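Engineer: Build out the structure end to end from the sequences listed, making use of the hints.
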Amino acid sequence: MSKSLKTPIHKMIADIFRTLAFTYRQVFIFEVLYKTLTLFIFIPAISFIFHRLLRLGGFAGATNYELLHFVVSRYGFLCMLILIPVASMLIFLEFSVLVFIAYYGQNKQRIGIIPAFLQAISYLPSLFKYGFLGWALYLLLFLPLLGLGPGSSLLPSLQIPNFISGELFKTGGGTLLFAGVIAIMAYFNIRWTFLLHMILIEGTTSFRKAAKKSAALLKKSYIRMFVVMLCVFLLFMIVVVLMMALILGAVALVYLALPQQTGFAEVVRSVVSKSAVLSLYLATLFVTPLYITTLTRIYAAKADPGHVVLQMPEWRASENRSSQSQGLLHKHKRKLIALGLITVFATALVLVPAIGDVNLGDKKATIIAHRGYTSKGPENTLEAIQGAIEAHADFAEIDILETKDGELAVIHDTNLKRLTGRNAEVYDLTMDELRTLEVKQGNFTGRISSLAEVMNATRGKIKLNIEVKTHGKERDLVNTFIRTIRENDFQTDCIVQSLDYEIVQKIKAAEPELQIGYIIFAGVPDLQRIRADFVVMEEYMVNESVVASAKQQDKPLYVWTVNSTDSMQRFFSMDVDGIITDYPEDAISIAEELRSGFLVSLIQWLNNLRI
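Note that my numbering has the sequence shown beginning at 1227, numbered continuously upward.
It is worth saying that the hints were derived from the structure and are not from the lab. Treat the hints with care, since some could be wrong.
Within a straight-line C-alpha distance of at most 20 angstroms, the following computed DMTMM-like cross-link-like pairs (lysine to aspartate or glutamate) qualify [claimed, not checked]:
1) 1643 with 1625
2) 1602 with 1620
3) 1777 with 1764
4) 1590 with 1819
5) 1687 with 1702
6) 1781 with 1801
7) 1732 with 1770
8) 1687 with 1811
9) 1602 with 1812
10) 1590 with 1609
11) 1590 with 1792
12) 1689 with 1715
13) 1699 with 1625
14) 1590 with 1811
15) 1689 with 1770
16) 1666 with 1759
17) 1590 with 1616
18) 1334 with 1393
19) 1689 with 1811
20) 1687 with 1658
Pair by pair, the computed Cβ-Cβ distance ranges are [to be verified]:
21) 1359 with 1412: 16 to 22 angstroms
22) 1377 with 1413: 17 to 23 angstroms
23) 1752 with 1351: 22 to 28 angstroms
24) 1411 with 1687: 41 to 47 angstroms
25) 1649 with 1471: 56 to 62 angstroms
26) 1752 with 1386: 23 to 29 angstroms
27) 1687 with 1471: 23 to 29 angstroms
28) 1386 with 1460: 23 to 29 angstroms
29) 1259 with 1469: 21 to 27 angstroms
30) 1355 with 1335: 26 to 32 angstroms
31) 1309 with 1717: 42 to 48 angstroms
Fair warning: this is a prediction, and the values are worked out from it, not measured in the lab. Cβ atoms here follow ideal geometry from the backbone N, Cα and C, with glycine treated the same way.
Structural biologist: Given below as structure tokens:
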């Protein structure tokens, strides 16, 4: 093999797809089995250990600040001591098996799943040496957080929560800090592209040495490698799109061929959506193997053959055993294929509880304008709230903090410097002093108002979602809030939410008529144990199973802060009860498009063809 990427790009791409075609059976069976084991054994086992240690530590739940307290406790330390190595090992084993299959496959050699798995296990001692911390960071943080590498079954992706990145982006220094952290992580993630190949194929046992060898192998080849990977995945996406188009076309032909029946359009809609989602799920089974096959082909083009120590396991090379295995597989081929398809479909049903059941009914998701509509005025000001009214949002979300004189000011930050330029704390100023400050955000200016003033300005125009915030120096926050609500007769014109679970309970006890929710920004929520009328969750925490759990508990679920159009579409399709967004007009438009979107249009178009 050459030490440089001299192979033409088109030939290398063809080699990658040939290798994947040669190994697709092993890849498919392994991914199905491993994802199934992850879903039904690994994740439940990890969850059991986590919750068991949580309860042994005396913690009732694991959300928000309680999670932080658990992490720094001795039981939290024990939990990390157990789960971090276990999770690292499970991810390492999955990637290792795929590397072995790809490496042998490009040489037209087939290795069985069991031999590959046993060979991967033999490398575990190298994982748990002095470089384990580096491996743990790479497998559990760098790869899933940046999305620049393969997604494991156990931890496919991570996101930096919007409540962190969104706040950082509001200042120049915060934006630079965020960009710097991401750039550093991306830099190391790219340099460590061939870490697995160095330990598995070249037998490098030290994480530090493997990292140096990976970086050296990548030298002066970044652009070429990027072009190869981009072309491979573009071709893969084209194949997936064509596959889905064929499925939709087939369903359309069936619809036209059969006579109209009562409820038939609904059946077709369900078949179309389920087929599309299942097709996408099947395609995802090959995303990680394709990525690893691509990297393995690039590695093979650059690596020195003299450094390769990997050899086919001896017992796999036995002709008798190989022929017996092939005979057994051939004899039971149909049964194995049927079993594989059943397993895939069952796994898909669990992974996507609402598989394809896109919300196309008459139910309208609630649109909540985050801190008002900040494209029309500074956050939490009357101008921003008026913008939310004109955008026809269902609610304007506002934040309140207690002032020095015990009033409730509508403002988010405890420190006033970001919005007013004055380095002062809300609790050090009276409400009258706060009113004198000019709030600036972008090209907009405004003033700080009291909660009562905002209530008077919005009554009959828009409902409020009031977040009760704390700064640690409150005197009588809950009673003041309840008194303000009652004096303004605002119980049915607002909902209330807070990050502080104790405040949620106190407000609900004092004013049962109020609808009050618990905001969750971190942790593993048990919705059955949360005593609140609704929950508000950061978008990185919300998936189909969480939505299904909320519906099972009859607890409305709102997602915050949803700003990208793709995320809006995804959460509306999940049938969440509402979203909190900085762009209410976009959210309203997308919600309306989905309610009269592609699947409904397809049915209507087919009906027109019948006529």
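Engineer: None of the hints should be skipped; say for each whether it holds.
Structural biologist: Right, here's what the structure says about each hint:
no.: 1; hint: 1643 with 1625; result: 17 angstroms, holds
no.: 2; hint: 1602 with 1620; result: 16 angstroms, holds
no.: 3; hint: 1777 with 1764; result: 17 angstroms, holds
no.: 4; hint: 1590 with 1819; result: 12 angstroms, holds
no.: 5; hint: 1687 with 1702; result: 30 angstroms, violated
no.: 6; hint: 1781 with 1801; result: 13 angstroms, holds
no.: 7; hint: 1732 with 1770; result: 31 angstroms, violated
no.: 8; hint: 1687 with 1811; result: 16 angstroms, holds
no.: 9; hint: 1602 with 1812; result: 14 angstroms, holds
no.: 10; hint: 1590 with 1609; result: 26 angstroms, violated
no.: 11; hint: 1590 with 1792; result: 18 angstroms, holds
no.: 12; hint: 1689 with 1715; result: 13 angstroms, holds
no.: 13; hint: 1699 with 1625; result: 16 angstroms, holds
no.: 14; hint: 1590 with 1811; result: 15 angstroms, holds
no.: 15; hint: 1689 with 1770; result: 28 angstroms, violated
no.: 16; hint: 1666 with 1759; result: 35 angstroms, violated
no.: 17; hint: 1590 with 1616; result: 19 angstroms, holds
no.: 18; hint: 1334 with 1393; result: 52 angstroms, violated
no.: 19; hint: 1689 with 1811; result: 16 angstroms, holds
no.: 20; hint: 1687 with 1658; result: 26 angstroms, violated
no.: 21; hint: 1359 with 1412: 16 to 22 angstroms; result: 20 angstroms, holds
no.: 22; hint: 1377 with 1413: 17 to 23 angstroms; result: 20 angstroms, holds
no.: 23; hint: 1752 with 1351: 22 to 28 angstroms; result: 37 angstroms, violated
no.: 24; hint: 1411 with 1687: 41 to 47 angstroms; result: 45 angstroms, holds
no.: 25; hint: 1649 with 1471: 56 to 62 angstroms; result: 59 angstroms, holds
no.: 26; hint: 1752 with 1386: 23 to 29 angstroms; result: 24 angstroms, holds
no.: 27; hint: 1687 with 1471: 23 to 29 angstroms; result: 46 angstroms, violated
no.: 28; hint: 1386 with 1460: 23 to 29 angstroms; result: 27 angstroms, holds
no.: 29; hint: 1259 with 1469: 21 to 27 angstroms; result: 23 angstroms, holds
no.: 30; hint: 1355 with 1335: 26 to 32 angstroms; result: 29 angstroms, holds
no.: 31; hint: 1309 with 1717: 42 to 48 angstroms; result: 44 angstroms, holds
The structure fails hints 5, 7, 10, 15, 16, 18, 20, 23 and 27 (numbered hints given earlier, in ascending order).
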